[in-house]
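Please model the complete structure; the sequences and the hints are all you need to start from.
As numbered in full-length UniProt numbering, residues 1 to 303 make up the sequence shown, in order.
Watch out, some of these pointers could steer you wrong.
[To be verified] Cross-link-like lysine to any residue pairs, in silico, SDA-like; alpha carbons within 25 Å at most:
1. K129 to K229
2. K283 to D27
3. K229 to V182
[Said to hold, decoys possible] Computed spacing ranges between beta-carbons, pair by pair:
4. H265 to R194: 18 to 24 Å
5. G81 to G196: 51 to 57 Å
6. S236 to E53: 50 to 56 Å
If you are wondering where the hints come from, they were derived from the structure by calculation, not from laboratory data. Computed from a predicted structure; not experimentally measured. Just so you know, even glycine gets a beta-carbon here, dropped at the ideal spot from N, CA and C.
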Amino acid sequence: MAPVLSSTPETLVTHGWSDYALLDSGDGRKLERYGRYTVVRPEPQCFWKAHDEGAFERANAMFDPQQEEEDAGRWRFDQHGPIDAFPLKWRDVRFMGRFTPFRHLAFFPEQAANWEWLDARVRTLNQPKILNLFGYTGVASLACSAAGAHVTHVDASKKSVTYARENAELSGLADRPIRWIVEDARKFVAREVRRGSKYDGIILDPPKYGRGANGEVWRLFEDMPELLKDCAALLSDDASFLLLNAYAARISGLSLAHMMAEATHDRGGRIDWGELALSEDGKDARAIGLSFFARWSQESRSA
Numbered sequence: 001m002a003p004v005l006s007s008t009p010e011t012l013v014t015h016g017w018s019d020y021a022l023l024d025s026g027d028g029r030k031l032e033r034y035g036r037y038t039v040v041r042p043e044p045q046c047f048w049k050a051h052d053e054g055a056f057e058r059a060n061a062m063f064d065p066q067q068e069e070e071d072a073g074r075w076r077f078d079q080h081g082p083i084d085a086f087p088l089k090w091r092d093v094r095f096m097g098r099f100t101p102f103r104h105l106a107f108f109p110e111q112a113a114n115w116e117w118l119d120a121r122v123r124t125l126n127q128p129k130i131l132n133l134f135g136y137t138g139v140a141s142l143a144c145s146a147a148g149a150h151v152t153h154v155d156a157s158k159k160s161v162t163y164a165r166e167n168a169e170l171s172g173l174a175d176r177p178i179r180w181i182v183e184d185a186r187k188f189v190a191r192e193v194r195r196g197s198k199y200d201g202i203i204l205d206p207p208k209y210g211r212g213a214n215g216e217v218w219r220l221f222e223d224m225p226e227l228l229k230d231c232a233a234l235l236s237d238d239a240s241f242l243l244l245n246a247y248a249a250r251i252s253g254l255s256l257a258h259m260m261a262e263a264t265h266d267r268g269g270r271i272d273w274g275e276l277a278l279s280e281d282g283k284d285a286r287a288i289g290l291s292f293f294a295r296w297s298q299e300s301r302s303a
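Here it is as structure tokens:
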């Protein structure tokens, strides 16, 4: 039986929490608070004017993009100089904020909308087996672990997995059942399919372009359909979800939903799709759409 595809998109909005807030945005930039630091990063979708342009100039750190490449560039810091890694928290998960060379701070705050959904979903299940591919520094993995899941975390970057393990220690979750694997996601999934492994939930948050642990090249548009089909083959008979998130200008939530429908064509369930957005704090708050998602789910017999 084919899954039911939602006829309307959904916007999942992340609002600020104690250790993060989108303070202002405009003129191709956003002003954010990470813990006690204020940070300015480029954001091309902010065509509007900032509420308080002066606040951007008073930030503790600012990322200057390199020509047209918004992810490449350098950080500038205020008179206090460079900022070392610093602790942050989301619910039961603790992790380090880091000023990376690619304008990110070692996690993606808009993903908190997905973390909330994963936390609620996992808590309805009995110690589910969750696979997190392209797991980066592990916040989604740790959110699932804190909710009671057995997690397999996969990323091609040894440094990212090292940071994820450190975040697990920081969160007091190092003794939980989490497998940390440094490997190309496609190779790992293909091997798991051959082994007949099964998971109750799978998370995919791939980059547009990347390289595997042994130099394998990942291209979202070319490689994602086959990987998604392999992931569907890893779902247990009473699996709960398959969540796909993607950042790319040429993609949409609807295109991800149709790709998800093709991969799960005989599993029943439901596919929801749409956009992830970050909302400013305060009065006259605006929201920035930052990524797209498609989510297959069904009621699990282990719920």
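Need the list of violated hint numbers for this structure, in ascending order. none
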